[in-house]
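Taken in order, these protein sequences are the chains called A and B.
Each residue of the first sequence is one higher than the one before, counting from 1 in our numbering.
Each residue of the second sequence is one higher than the one before, counting from 1 in our numbering.
Please keep in mind that the hints were generated in silico from the structure rather than gathered at the bench.
Honestly, I wouldn't trust all of these hints.
What the hints assert, rightly or not - Taking beta-carbon pairs under 8 Å as the criterion, some of the chain B residues facing chain A (in silico):
1) 57
2) 80
3) 82
4) 85
5) 86
Ideal Cβ positions, reconstructed from N, Cα and C, are used throughout, including at glycine.
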Amino acid sequence: MENSSVPSSQRRFFLTVLLGAIGAALAALGGWPLLRFLAPASKEGAGGKVSLAKDAVPVGGVHFLQFHGQTAVVMQQKAGEFTALSAICTHLGCVVQWKAQKGEFVCPCHGGRFSPSGAVLGGPPPKPLESIPVVLSGDQILIG
Amino acid sequence: MNPLSRIIDYIDTRLGFREIVRNNLTGYLLPRNVNSWYTLGSVVLTLFALQVLTGILLLIYYIPDTEKAYASVGRIMNEVPFGWLVRYLHIVGSNVIIIALLLHMLSVLFMGSYKRPRELNWLSGFGLLNLAFALCLTGYLLPWSQLSFWATTVATDAAGAMPVVGEKIVHLLRGGAMVGDATLGRFFALHVMGLPLLLGGLIGFHLFCVRRVGISKPPFGSEYTPPEKSQIFHHEDHPGGIPFFPNYVVKDLAVNAFFLAILVAVAFFAPMLFIPPTALEPANPFVTPPGIKPEWYFLWAYQTLKIFPNKALGLAAQGAAMTFLALLPFLDRGPERQPARRPVFVTCFVLGLLLFVAISIWGHYS
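The following block holds chain A by itself, in its conformation from the complex (with noise of 0.2 Å):
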């Protein structure tokens, strides 16, 4: 029996709309959970306060630890005096090393210079080494 009302060109487009729709909504339907599946987990690089022992960080010294999924570096220039910086390098995302010699952060990748505050003493670096709030608690040092 044929459907002479409605032409084969129609049949067709519709068929080939319809057929779109449907490989979408299924591509939508696995796209979803692939995304979330692929996903950094949600409690990283998210909030609290990172916690040290005051006794890690030595006078004069620096302390490397993992802050909110990224590098950071904790200072102690002068007794009781607490610093925390990103250790991450403003230029290219390589982890800053501290030359104790010179008293400054040198990036290994390309040679940029860093002052302990995080200031931009050469290089290619744009701009200062992220600094993070520090706070001492009894023999702890709370950082974030």
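Dock chain B against the given chain A, drawing on the hints supplied.
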């Protein structure tokens, strides 16, 4: 001319794209009475692709270390968004693949499609079935649960029944006297790299054979006549048949959708169908849980070992059965494929199937 046509023309001018489509899709003709059983090969291919995809995703979070494997699987199930879905699809998919492979093999047997000139199709297909079994076995150990540990202990121990070399093979499989770190390393490497590479190569060869020899005509209906034996290569074509695309592809898609629907339904509503309680406890090498049983598709082998008075005989019986199946096209050489005209074969087929089911049920309840 619209942009899509221009792109297609551009490719066609350089690669002869339209000719490939014509020769392999729209102009590739299949028998008019081709039935749904012929689509099972594509179902298996789709399911293998799904296993590869879900397997790669699981690799992102799985840690192949005896100290961390069980916890990493727990994390996939409980913390990673939709991790449970990916893992259930992988587990249920492995079982549905075996079902589809067995149905594919049974339909090929029933319709006599393994016969000359398709002996190599059969052999490569039989190899694929065994590789699928090996993938299931190696994958079973990876979660490092009680079930993983002890099922692998029992399965690898069975190889020890082989005369002379048995013990050495058990050591080689386990990488030591007991299942442990070395076994996990070996099984992991085999499961994610060694066996999939072999499988990919063999699938390629199987598809090459299928395409090169041509699809067999279903041996039903009054117009069917057995093909004549030919001493030279002959591609079986089907003038006046239905085109592969779109006619047959629609049938393929429908059966694929049916199997995927079953897979998804089990993954959502009855995932524990293939996960016994012992799979929910971390491996403990000092405590064997009672009633450890292999997966349903290995129950026949498990029970066969128990039926015979010693393991070597049981293993020999399994080997003989598998060798007989592998070599069937070289033993059953008559050209007749129509089941109604092969009463002895059909009787053996039905009895063999019943025996497989009966021994498996016996194994389950023993």
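Hint by hint, here is what the structure shows:
Look at residue 57 of chain B: its Cβ gets to within about 6 Å of chain A, closer than 8 Å, so that hint holds up. The criterion of a C-beta within 8 Å of any C-beta in chain A is met by residue 80 of chain B, whose closest approach is roughly 6 Å, and the hint holds. At its closest, the beta carbon of residue 82 of chain B sits 4 Å from a beta carbon of chain A; the interface hint therefore holds under the 8 Å criterion. The beta carbon of residue 85 of chain B is positioned within 8 Å of a beta carbon in chain A (closest approach about 6 Å), and the interface hint is therefore held.
Interface restraint check for residue 86 of chain B: the shortest CB-CB distance to chain A comes to about 6 Å, inside 8 Å, so the restraint holds.
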